[in-house]
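Novice: Residues per chain are reported as follows:
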Amino acid sequence: MTKTNPGRFFEDYAIGQVIDHAVPRTVSGGERALYHALYPMRHALYSSDAFAQSCGLPGSPLDDLAAFHVVFGKTVPDVSLNAVANLGYAEGRWMTPVYAGDTLRSTSEVIGLKQNSNGKTGVVYVRTRGLNQRDEVVMEYCRWVMVRKNNLDAPAPEAVVPELKKVLTVADLTLPERLDFTGYDFTLAGEPHRWGDYEVGEQIDHVDGVTIEEAEHMMATRLWQNTAKVHFDATFRPDGQRLIYGGHVISMARALSFNGLANAQMIVGLNAGAHANPCFSGDTIKAWSEVLDKADTGLPGVGAIRLRLVATKGSAPFALKSADGKYLPEVLLDLDYWALMPK
Amino acid sequence: MTKTNPGRFFEDYAIGQVIDHAVPRTVSGGERALYHALYPMRHALYSSDAFAQSCGLPGSPLDDLAAFHVVFGKTVPDVSLNAVANLGYAEGRWMTPVYAGDTLRSTSEVIGLKQNSNGKTGVVYVRTRGLNQRDEVVMEYCRWVMVRKNNLDAPAPEAVVPELKKVLTVADLTLPERLDFTGYDFTLAGEPHRWGDYEVGEQIDHVDGVTIEEAEHMMATRLWQNTAKVHFDATFRPDGQRLIYGGHVISMARALSFNGLANAQMIVGLNAGAHANPCFSGDTIKAWSEVLDKADTGLPGVGAIRLRLVATKGSAPFALKSADGKYLPEVLLDLDYWALMPK
Amino acid sequence: MTKTNPGRFFEDYAIGQVIDHAVPRTVSGGERALYHALYPMRHALYSSDAFAQSCGLPGSPLDDLAAFHVVFGKTVPDVSLNAVANLGYAEGRWMTPVYAGDTLRSTSEVIGLKQNSNGKTGVVYVRTRGLNQRDEVVMEYCRWVMVRKNNLDAPAPEAVVPELKKVLTVADLTLPERLDFTGYDFTLAGEPHRWGDYEVGEQIDHVDGVTIEEAEHMMATRLWQNTAKVHFDATFRPDGQRLIYGGHVISMARALSFNGLANAQMIVGLNAGAHANPCFSGDTIKAWSEVLDKADTGLPGVGAIRLRLVATKGSAPFALKSADGKYLPEVLLDLDYWALMPK
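Chains as they are written, first to last, in the working numbering: chain B, 60 to 402; chain S, 60 to 402; chain G, 60 to 402.
Check the hints yourself; a few may be wrong.
Heads up, the list lumps identical chains together, so a pair's fine if it works in one copy or across two of them.
[Unchecked claim] Pairs of lysine to aspartate or glutamate, EDC-like flavour, derived with a Cα cap of 16 angstroms:
(1) K380 / D352
(2) K380 / E168
(3) K224 / E150
(4) K173 / E70
(5) K402 / E258
(6) K179 / D71
(7) K62 / E258
(8) K225 / E261
(9) K402 / D239
(10) K288 / D264
(11) K62 / E349
(12) K173 / E349
(13) K62 / D212
(14) K62 / D264
(15) K62 / E261
(16) K62 / E250
(17) K62 / D256
(18) K380 / E150
(19) K402 / D352
Derived by calculation from the structure, the hints in this document are not laboratory data.
Note that the coordinates shown come from a computational prediction; the quantities given were computed from them, not determined experimentally.
So here's chain B without its partners, still in its complex pose:
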């Protein structure tokens, strides 16, 4: 009888189910300006049409993580409204850059289901695709969340746990066809460090910090049309705090990583990601990175670099887990991604 969306519960999902998410979105220069006002973004390819054109692109695309947030936000009412935990990401691939004027929509397929032994929750695995107005896949990723059961008597489905790659190789990625870094302008980009200057195992402290405000994370989260109430309603949690959308931390850390990784221009793959601890207003976010791998690409002047990006609430860099293997309480994010760099 109620017309409002209660969200899906664990028993509402079935393997192979396809969910077309609501509210397509046309993006403009407004989304980019806001993204750069909310995060200290400075990657030149995403700031200047002229710079992007000198790299073979038709213009400056929307930041890759902004495209991710648009695609992700649409899934929230269908996938995570009743989620109790966001467990992981895998096999994320950015396949087509997004430009002002593009209209994005999202669709997800249920690829895994496993009821927990307590009988009250289960894990749902989805593969989500974002498509533009030409039905090109803009990006896709797998995500798994723990979702509550509403009807505790609903039978447990047959457990299906998908085999997801722990790490994508460059061969798994879809790189932008015309990208060409042979005429790359390191001065305009802001740092002289080439792909060849980074070594596997190298760690970089990005130094700068940003203290988080309620108005900013809410504006960001609304812009992506992510409606999970815990981000907006101060009366929702007993402690009166609004839980900050994990994607806000991802974008803040990525922006901070410019200082030391200014030439890690395009994000093309997401291997894994963990929101290690919750983030709240007043936290000061800092970030550090570690080079996990490097690989060639077939594109002129373009190398691929695999990076761990860690966001903390101000702890010393390079500390990640305690002796028992758990994330330190100051760690907010542990992300594993592939980016493209000039050689």
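Start from chain B and add chains S and G according to the hints.
Specialist: Below, chains S and G alone, put in the same frame as chain B:
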């Protein structure tokens, strides 16, 4: 001698006076992105060019309430700088959708004047029109405010109280000519509920809540070039609080009403509106609606629905007034409007 | 070995050195919408394409101070990351209006160096130019800052102190070629006061005040890609306060000056500027102006007016310095600029 604008006082108005308001405004995708960052807007017609085109429009218009705010904001320096109360709205009609690139200006005619018996204030009635660069009326509405006298010796004008319709009928409205909901995509719109699924008298609790921040309401109010100092200057009120522009509450409630009224796409008429109590930073806004009426339109697949939209600072839904007929202290807004829905 | 930017120290500068600053920026309607949401901007030429076209321009440009912030922000990593004081501005000229779609970059030349007698710091003078995608100079200005030495043993450079004009004359300015105010619409602009109505020595209290929020100054500062950490990291200063970018105060004061100077449309010259005291969140900014000079221009219907713009944190207007010649503690900004007005 002073060059600053003291605002008009009650004795400065005359029946039939036409005031052309200052500062025309060209809107772009930037205004839309900001509007969707400040409010959790998700109506598909206002989010996606492709969706709007599938409904017969040339593209996705600026949200109807954003157009209202642009038109309204221009009137503040001339109409309400010395207002002590915003008393009511009537006969509001949205007549031409606003698109990126349009330039809006506003003009008001004084249609009523009535000095109060205390001799210190009076009520001013204006009919305001917003026009685009082609001199098409974008929207119009009547509003009446209580304004202070500056010269208490100024004679009272002859009292003129305009006869304003309590409720517009669909015949009074100007509907968008080419609108066609016969191919409406309910999946992309976010809810399956059609015009025929709503019954007069039905009440909907929109469930979600948003806690208000100073930075957000000031950004919104500035974007509409509304300069009433009480919204911006924390030293203006003895309690150190900034009074939030009533339109901020209207837009927040409308956005929250998506959950249950996702298909009430276009706002075409405003019958009445009351800002029942002031709103301040830290308030958590919730909303509920009641179906007041339904009507056919001549447009293919399009029904009209008349809705009461109530915003509260977190009280239980569906409570509006106390036994003495006064609004409950938790009620912020009581709005009566017509929207268009797919049949 | 570190890949992050430590910033330049005093000994890293040399006379004649040219620094091409990083991260070019393409601006859109998004930047303007945000600028008008962050500051109460209402100058009609910068709000309406139709109004700007009636003044001979192809459309409404980006606000002059927004262009300044874009140009200035790029210089921060190279000029002021290790600055201990922002000492002054001179010879600022706006030469080409900026429109949506333009891509801006900045370049600076070191024009002066003088080590301080303490041997620990020195003053660096730069002339900065902002250029668009056609290599036209959008604006230029001189600025001098006190910068720390890193290597205290580095020899002092030969002292060079550039001769900078205390005040530009109209002949020094580059006025927009096609500007024509003969058909200027004073009603749409918001005030009737012409160039001829202002007298040298006249003072104007702009009346309105705005209380500053952390979220707003950080969004503004990030939008200009100004990364000085003191603006963002609440843990950076011992008192836990974020120092507000001086440009935020400049833009706020300029916007407030609309009330009394609505027709001071285009800023074309910056003679001098001092950030008299630091500004913090919670301060309520007010502004007053003084007419310092007036001059003819060769443009039809266009006069030039030289204005002092003072921002305070709420003190009485027209008080500037104490008997000992120091700025009063409530004074935040003292700016001296040329604007163009209709005759």
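Novice: Now tell me if each hint is right for this structure.
Specialist: Hints, verified against the model:
| no. | hint | result |
| --- | --- | --- |
| 1 | K380 / D352 | neither (21 angstroms within a copy, 60 angstroms between copies) |
| 2 | K380 / E168 | neither (33 angstroms within a copy, 47 angstroms between copies) |
| 3 | K224 / E150 | within (6 angstroms within a copy, 59 angstroms between copies) |
| 4 | K173 / E70 | within (11 angstroms within a copy, 63 angstroms between copies) |
| 5 | K402 / E258 | within (13 angstroms within a copy, 62 angstroms between copies) |
| 6 | K179 / D71 | within (14 angstroms within a copy, 64 angstroms between copies) |
| 7 | K62 / E258 | between (56 angstroms within a copy, 12 angstroms between copies) |
| 8 | K225 / E261 | neither (21 angstroms within a copy, 51 angstroms between copies) |
| 9 | K402 / D239 | within (10 angstroms within a copy, 51 angstroms between copies) |
| 10 | K288 / D264 | between (34 angstroms within a copy, 15 angstroms between copies) |
| 11 | K62 / E349 | between (48 angstroms within a copy, 12 angstroms between copies) |
| 12 | K173 / E349 | neither (33 angstroms within a copy, 41 angstroms between copies) |
| 13 | K62 / D212 | neither (25 angstroms within a copy, 57 angstroms between copies) |
| 14 | K62 / D264 | between (50 angstroms within a copy, 9 angstroms between copies) |
| 15 | K62 / E261 | between (54 angstroms within a copy, 11 angstroms between copies) |
| 16 | K62 / E250 | between (54 angstroms within a copy, 8 angstroms between copies) |
| 17 | K62 / D256 | between (57 angstroms within a copy, 9 angstroms between copies) |
| 18 | K380 / E150 | neither (24 angstroms within a copy, 54 angstroms between copies) |
| 19 | K402 / D352 | within (15 angstroms within a copy, 56 angstroms between copies) |
Checked against the numbered hints listed earlier, the structure breaks hints 1, 2, 8, 12, 13, 18; every other hint is satisfied.
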